[in-house]
Amino acid sequence: MNDNFSDLDLHDEQTPEIQIDGIDSAIGINNVLGDEALFLEILAMFYEDHNEDGKKLEQAISTEDYTALKHIVHTLKGVSSSVGATSLFECTKALDEAINKNISDDYAPLYQTLLPEFNKVMDSISAKLIKT
Amino acid sequence: MSSNQKLALIVDDSKTQCKILTKLLEEEHYSVIEANDGSSGVQKYISHKPDLVLMDINMPIMDGFEAARQIKKLSGTKDLAPLIFITSMDTDQAFIDSVDSGGDGILVRPFSPNVFKAKIKSIQRISNLYQQVKTLQQEQQQDAELAEKMMSEVIESRNFALDRVQVIKKAATIFSGDIQLTALCPNGDIHVLLGDFTGHGLRSSIGAIPVTETFRAMTKKGFSLFEIVIQLNKQLNHLLPADLFFAASFVCISHHEKSAYIFNAGLPDGYLYNDKGQIRKRFESSHPPLGILRELLPDAKVEVIDIDLSDSVVFISDGIIEARNEQGELFGVERFENAATEGITGNNLVSTVNERLEVFCLGVPQEDDISLVAIPCHGWIKDIVNTKPVIPESLNEQDFNRQSTPAWSWHLHLTGKLLKTVNPIPMIMNQINDIEGAGEHWHNLYTILTELFINSLDHGVLGLSSSLKKSPEGFSQYFNERTNRLDKLDSGYVLISLKYFPFSEGGKMVVNIKDSGKGFNILKVMKSNTEQLATSHALSGRGIELVNQLCDTLEYIEEGTSVTASYVWHNKS
Chain A
1 MNDNFSDLDL
11 HDEQTPEIQI
21 DGIDSAIGIN
31 NVLGDEALFL
41 EILAMFYEDH
51 NEDGKKLEQA
61 ISTEDYTALK
71 HIVHTLKGVS
81 SSVGATSLFE
91 CTKALDEAIN
101 KNISDDYAPL
111 YQTLLPEFNK
121 VMDSISAKLI
131 KT
Chain B
1 MSSNQKLALI
11 VDDSKTQCKI
21 LTKLLEEEHY
31 SVIEANDGSS
41 GVQKYISHKP
51 DLVLMDINMP
61 IMDGFEAARQ
71 IKKLSGTKDL
81 APLIFITSMD
91 TDQAFIDSVD
101 SGGDGILVRP
111 FSPNVFKAKI
121 KSIQRISNLY
131 QQVKTLQQEQ
141 QQDAELAEKM
151 MSEVIESRNF
161 ALDRVQVIKK
171 AATIFSGDIQ
181 LTALCPNGDI
191 HVLLGDFTGH
201 GLRSSIGAIP
211 VTETFRAMTK
221 KGFSLFEIVI
231 QLNKQLNHLL
241 PADLFFAASF
251 VCISHHEKSA
261 YIFNAGLPDG
271 YLYNDKGQIR
281 KRFESSHPPL
291 GILRELLPDA
301 KVEVIDIDLS
311 DSVVFISDGI
321 IEARNEQGEL
331 FGVERFENAA
341 TEGITGNNLV
351 STVNERLEVF
361 CLGVPQEDDI
371 SLVAIPCHGW
381 IKDIVNTKPV
391 IPESLNEQDF
401 NRQSTPAWSW
411 HLHLTGKLLK
421 TVNPIPMIMN
431 QINDIEGAGE
441 HWHNLYTILT
451 ELFINSLDHG
461 VLGLSSSLKK
471 SPEGFSQYFN
481 ERTNRLDKLD
491 SGYVLISLKY
501 FPFSEGGKMV
511 VNIKDSGKGF
521 NILKVMKSNT
531 EQLATSHALS
541 GRGIELVNQL
551 CDTLEYIEEG
561 TSVTASYVWH
571 NKS
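If you're matching them up, the sequences are chains A and B in order.
Mapping of the first sequence onto UniProt numbering: residues 1 to 132, in sequence order.
Mapping of the second sequence onto UniProt numbering: residues 1 to 573, in sequence order.
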């Protein structure tokens with residue numbers, strides 16, 4: 001069993017050792033029960049699987065492929081919440097809601113809000129992983 | 001990994017999510033397998049039989065709802081692995097669809113590990129209950145099967161002449177509320193019972209054991225069919241709860257009287273069929289089912305009918321005529337009678353009726369127990385010639401000469417109305433069995449006692465002429481006249497005395513029966529009996545001729561009002 005298990009509920013009071021811009025690593029680490037090594041591994045998977053999502057989203061919006069758009073946003077929303085990318089999660093959630101309500105006029109502006117958050121998260125993960 | 005470690009299946013197209021969920025599940029002591037689309041999720045469910053399924057909704061190839069539907073359809077009621085949807089789709093429709101597709105719960109992202117843990121715990125509680133119910137069901141099924149095996153061991157396997165009595169028995173559940181019993185009377189007659197306890201299943205089959213024991217024991221001891229019916233009614237009234245009772249048809253077939261005694265209490269009509277499949281007679285229910293009334297109705301009586309030896313008696317339970325097809329139509333009496341006619345003509349009654357029922361019902365589940373018995377009217381006669389005992393040489397003169405003092409003696413003086421209600425023969429047989437123990441050799445003594453007692457009562461006390469039996473109506477007319485005279489009887493007596501002389505290897509029973517009748521011309525009757533027997537198989541003389549063959553000595557004195565028979569038996573060592 002993980003040594004940090006008993007401290008899980010106290011994560012807010014501790015300063016996480018892993019500092020990544022755009023990611024609340026306390027939440028991310030807590031979501032894997034305090035296992036920091038696993039957390040880093042998951043960030044790597046996240047980066048690998050979703051690094052291209054920015055381009056994919058832009059393409060889906062411009063070609064009006066809303067099925068693809070919905071799927072990408074939906075998945076990204078779920079994963080960003082799991083890794084603790086809270087701002088990115090909020091942005092994807094807003095876009096997801098617009099898609100569910102079929103307000104296609106909002107897609108492009110919401111994407112424009114989302115993109116900087118997305119890039120920030122991906123860049124900082126990339127930087128962190130190269131460092132480690 | 002311990003063998004009882006639980007297995008979870010995660011179905012999610014995001015490997016990242018799978019990884020995170022795996023971590024959480026391992027913390028709860030699950031081992032984990034993954035699938036990344038709905039279709040392979042279903043495949044892995046089949047091949048790994050997990051204890052828990054976590055299912056994403058939005059997935060390529062096959063979405064989570066469809067995968068859940070397929071998994072739930074597969075598992076049926078057997079493997080009840082709980083399935084939880086895990087999604088970031090927090091719409092009302094997602095909730096509704098997740099329940100409709102068979103999900104047992106839904107977790108919406110984002111959630112904390114503690115919420116996840118609580119969800120797993122609550123779903124596990126339900127799955128444990130499922131498991132307990134499943135285990136209990138299995139145990140109950142096994143117990144029921146064992147109990148049923150023992151019951152049929154007690155009930156059916158000890159039936160007499162299973163090779164000659166045709167039977168259909170199809171239970172609606174493991175336990176049948178219908179029973180079919182056959183037992184051999186000491187004089188070679190056969191008793192058959194078809195009974196139907198209300199309802200079906202274990203509850204209604206419990207009564208079968210006491211009914212079976214009573215029916216067998218009383219038949220074996222020589223009680224008449226009607227005496228058995230009276231006793232069963234009394235016993236069931238005492239034993240059964242108020243809402244449980246026993247509809248039953250009884251028949252005693254007497255080959256040598258060429259008659260059958262029938263009693264139908266609450267079953268559908270019974271039948272007498274001739275060998276061409278024609279219905280010669282229907283036996284309607286003449287009494288409420290047994291176990292309802294404390295005593296039988298005052299006018300309850302058995303019906304006596306003349307039979308042809310090629311006839312058959314057929315009884316059915318209401319499960320046959322009330323079998324339904326898909327349109328809710330009943331099989332009915334007419335369809336049954338047609339099937340029976342065809343079956344009897346073709347000599348395949350059981351298979352014909354079964355086939356017709358199957359074609360009619362076409363797989364509609366059976367609601368009630370279905371049963372039938374068909375009993376041929378011939379072949380229920382003891383071979384007299386072979387039962388004549390040979391008095392062996394080892395019984396020496398000394399044995400015969402030492403008869404002055406019996407080891408024990410027994411007397412019964414029955415008078416007036418008691419002659420109508422008391423059957424002394426089983427009583428006497430009980431005495432003998434109690435003192436000397438049971439044995440095959442008492443069967444002959446039973447026949448001797450029965451014939452001599454009936455002769456004294458019928459021809460002596462009641463003054464019936466045996467020529468009545470020769471009339472075209474035959475035995476039933478005689479029986480009805482006998483019943484009339486017995487009803488009016490208020491005087492007269494029969495005195496029965498037994499003396500028992502043990503030998504070194506066997507013994508001798510001396511029976512004397514004296515009656516209050518007018519007597520008869522002994523020589524004339526014996527002579528005509530012998531002549532009749534030589535030329536034809538007239539019924540009236542058969543009884544005494546049989547007794548004469550079984551006895552060492554048989555002597556009528558006091559103008560035929562007193563008869564003494566001595567029966568000698570040898571203990572084969």
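Simulated from the structure, these hints should not be mistaken for lab results.
Hints may be right or wrong, so weigh each one.
Some, not all, of what chain B presents toward chain A, calculated at C-beta under 8 angstroms [as the list claims (entries may be wrong)]:
no., residue
1, T16
2, Q17
3, K19
4, K23
5, S88
6, T91
7, I106
8, L107
9, R109
10, E355
To give a feel for the contact side, a few chain B residues facing chain A, derived at Cβ under 8 angstroms [stated by the list, open to error]:
no., residue
11, S14
12, I20
13, E27
14, G328
C-beta atoms are modelled at their ideal positions from N, C-alpha and C, and glycine is treated no differently.
Here's how the hints hold up against the structure:
1. T16: With a closest approach of 5 angstroms, the T16 of chain B hint holds.
2. Q17: OK, holds: Q17 of chain B within 8 angstroms of chain A, min 6 angstroms.
3. K19: With a closest approach of 6 angstroms, the K19 of chain B hint holds.
4. K23: 5 angstroms, holds
5. S88: Since chain A brings a Cβ to about 4 angstroms from S88 of chain B, closer than 8 angstroms, the hint holds.
6. T91: Where the cut-off is 8 angstroms and the nearest Cβ of chain A is about 6 angstroms from T91 of chain B, the hint holds.
7. I106: Status violated, d = 14 angstroms.
8. L107: 11 angstroms, violated
9. R109: 5 angstroms, holds
10. E355: 58 angstroms, violated
11. S14: 6 angstroms, holds
12. I20: With a minimum Cβ separation of about 5 angstroms from chain A (threshold 8 angstroms), the hint on I20 of chain B holds.
13. E27: The hint holds - E27 of chain B has a Cβ within 8 angstroms of chain A, the shortest such distance being about 6 angstroms.
14. G328: 49 angstroms, violated
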